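Colleague: Put chain V on the given structure of chain U with help from the hints.
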Amino acid sequence: MSEQEYVPKSKAGKWFNDRLPLLSLASHLTDYPTPKNLNYWWTFGGILTFCLLTQIITGIVLAMHYVAHADLAFASVEHIMRDVNYGWLIRYIHSNGASMFFLAVYIHIFRSLFYGSYKSPREIIWIIGLMIYLLMMAAAFMGYVLPWGQMSFWGATVITNLFSAIPLVGDSITTWLWGAYSVDNPTLTRFFSLHYLIPFLILGLVVLHIWALHVPGNNNPVGIDIKKPSKDTVPFHPYITIKDAFALLLFMIIFAGFVFFAPNVLGHADNYIQANPMVTPAHIVPEWYLLPFYAILRSVPDKLGGVILMFGAIFILFVLPWLDTSKVRSAVFRPIYRQFFWILIVDVLVLGYVGAMPAEGIYLVLARVGTVYYFLHFLVILPVVGYLEKTEPVPLSISEPVLSGSADYSIAKKDNEKI
Amino acid sequence: MKKFKLFFWILLSLTIFNTLKSAEQIDPIKVDWSFKGLLGKFDRASLQRGYQVYNEVCASCHSMQYLSYRNLGEPGGPEFSEEEVKAIAAGFEVTDGPDAQGEMFTRQGRPSDKFVSPYPNVNAAAAANGGAYPPDMSVLVKARKGGANYIYSVLVGYEDPPPGVTLDEGVYYNKYMIGNKIKMPNNLSDGLVEYADGTEATVDQMAKDVTTFLSWAAEPELESRHKTGVKVILYLVLLSILVFLSMKKIWSRVNPEV
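Going down the list, the protein sequences come from chains U and V.
Each step along the first sequence adds one to the number in the numbering used here, with nothing skipped, and position 28 is 28.
Quick note, the numbering used here runs 1000 ahead of the 1-based positions in the second sequence.
Same shape as in the complex, but just chain U (with noise of 0.2 Å):
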């Protein structure tokens, strides 16, 4: 991993070293060679470990005061807003945190797809990235069943329903989920227990992310490979650490608005209406950071037509790294690419927008049209423009583009030492 091997200065630090080797750990972290061009886009892998530990956190509170209850967890819930200490905002925290949390991986995933970051040598980190992912969309989901209002119960009632949809076995997988004959106790307390374990999944994973980074080192806007550790590197601690901790405070700042003073506008009104299996409501809608895949599961006429095609979209993107024919990884030298990156990024929306309507009319076209265009991009767009793109001339190192003075990684490393 480093450079050369790291020896403690104290006598005990060396002992212990040699026995487990956590310092020697921490100063391959502190001093991990990083690519000095990284610009903000960069900052949200800080920002998503943030908002995980934020989650963890909130949420184990929270476990504390929470009843997993059909009868008892939506009073549960008012109970933690009204009568524990500060529990609107630790409760505030967390169903924010959740959107933030995925506001901030949507940024993350688009980063990784404009500068081709999931391209050789780190499909490792891109696949674990989307099993992440992955399993965050589940803990959302179970975590939105928790309030035990309308919105959790008919959510959980559509989703579990999916499962229907495969043939012979539908029905019996989908009562072995509900634990039930419907989405009833067992399956809340089942939700719950899950909710409370896939964080620590997520956090595992998260380790291996990390690792898997470190081997062949952060790609950059430029997209080249640079060597480690250069004149185009700088050590993580400080220049990257106070970099993120800048971006994060930003990122805080918008989370507290939220938090703070629009704390339910995320959410859906009907949520704070105790789950009622007589009454439906008007509109099933997921949380918004679903509503790309709700779109194209909506339009498809068949519901196992739709099934395969909802998570289709996620597992297309699991062979991304093969998908994309360009030797070229950043977009910032891929003329052609770079528009239908764009045009993707707006089909997205545009999905996420008709996945909030009613499926009819303009907005059942529309769904189909983006779930359309949302398969070409990956399966004929990306593997073509690959091919026949004329890119733009990429620079040897990163110093060429960004910089015309010399700067010198050892200068920068002394330096680091007297702080």
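No lab work stands behind these hints, which were simulated from the structure alone.
Note that the structure is a prediction, hence the values are computed from the model and not measured.
Honestly, I wouldn't trust all of these hints.
To be verified - Quick list of the computed label-pair ranges, beta carbon to beta carbon:
(1) Arg1110/V <-> Ile173/U: 22 to 32 Å
(2) Ile56/U <-> Leu1242/V: 24 to 34 Å
(3) Pro1120/V <-> Thr280/U: 19 to 29 Å
(4) Ser1112/V <-> Ile56/U: 31 to 41 Å
(5) Asp71/U <-> Ala1132/V: 19 to 29 Å
(6) Asp1032/V <-> His283/U: 22 to 32 Å
(7) His65/U <-> Ile1178/V: 29 to 39 Å
(8) Val279/U <-> Pro1120/V: 42 to 52 Å
(9) Lys1175/V <-> Leu376/U: 20 to 30 Å
(10) Val207/U <-> Arg1110/V: 45 to 55 Å
(11) Met131/U <-> Arg1110/V: 47 to 57 Å
(12) Pro301/U <-> Leu1242/V: 49 to 59 Å
Cβ atoms here follow ideal geometry from the backbone N, Cα and C, with glycine treated the same way.
Modeller: For chain V alone, coordinates are given in the frame of chain U:
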């Protein structure tokens, strides 16, 4: 940038399309509530009047099971004095028990008691109200799209049905209610309650007061949330300025333009 323009055109046209489509539904009246905005606070007097309206009018059918009488004296709410809260609670009969003999008994209410519900359960409430269960009002404002504006609008939105609309027995016409049909009769009339502070009890005044009260009931933390929020954001802004300056300093060693 071209692609942004394209994107905004699409969003804009979708929005226009959407507004045209939903033009038939009347939007709730926009009221300039004192509790809106970054520093919004509840109007104390209005909250106290609102509680009176709730207690004398709404409470005969609507429960508020998540509130306790003590909440009425807590900061950020109607802020009745300790004596007043005790007196309010004592005005209710609470079922307690079982006692040492295993019998349930009734006693005077205490500030720590939850609001007493008008009906023993949902079925009884529905049976007494023509099959329509009067919803619990603890979080009603948060549970309706449009929030306080919507609740207020429904309270003042009763009118005779337009020609061609026939209503069943026990159903009333309300121009703001979703679907325009409501099972709750128009319970407010001028002078229905007598306000202790001498405010004239017009329908509009009572509707505003009780909506303010319900908004507080749904978000009792609102004032403290707003106050804390301002402090938190100020702190974050100051800290980010400091961190920004540190960042500039640190990066100036390698790259003057971060």
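Colleague: Taking the hints in turn, state whether each one holds.
Modeller: Consistency of the hints with the structure:
Taken as a hint, the range 22 to 32 Å is violated for the pair Arg1110/V and Ile173/U, whose Cβ atoms sit roughly 51 Å apart. At about 28 Å, the CB distance of Ile56/U to Leu1242/V agrees with the hint of 24 to 34 Å. The hinted window of 19 to 29 Å between Pro1120/V and Thr280/U holds, with their beta carbons roughly 27 Å apart. The hint said 31 to 41 Å for the Cβ distance between Ser1112/V and Ile56/U, and at roughly 34 Å that hint holds.
At roughly 22 Å, the beta carbons of Asp71/U and Ala1132/V sit within the given window of 19 to 29 Å. A hinted range of 22 to 32 Å holds for the C-beta pair Asp1032/V and His283/U, which are about 29 Å apart. Taken as a hint, the range 29 to 39 Å holds for the pair His65/U and Ile1178/V, whose Cβ atoms sit roughly 34 Å apart. Roughly 21 Å separates the CB atoms of Val279/U and Pro1120/V, a value that falls outside the hinted 42 to 52 Å.
The supplied range of 20 to 30 Å is broken by Lys1175/V and Leu376/U, whose beta-carbon atoms lie about 47 Å from each other. Restraint check, Val207/U to Arg1110/V: a C-beta distance of roughly 53 Å satisfies the suggested window 45 to 55 Å. Range check, Met131/U to Arg1110/V: Cβ separation about 54 Å, and the 47 to 57 Å hint holds. A hinted range of 49 to 59 Å holds for the C-beta pair Pro301/U and Leu1242/V, which are about 57 Å apart.
Checked against the numbered hints given earlier, this structure breaks hints 1, 8, 9; the rest are met.
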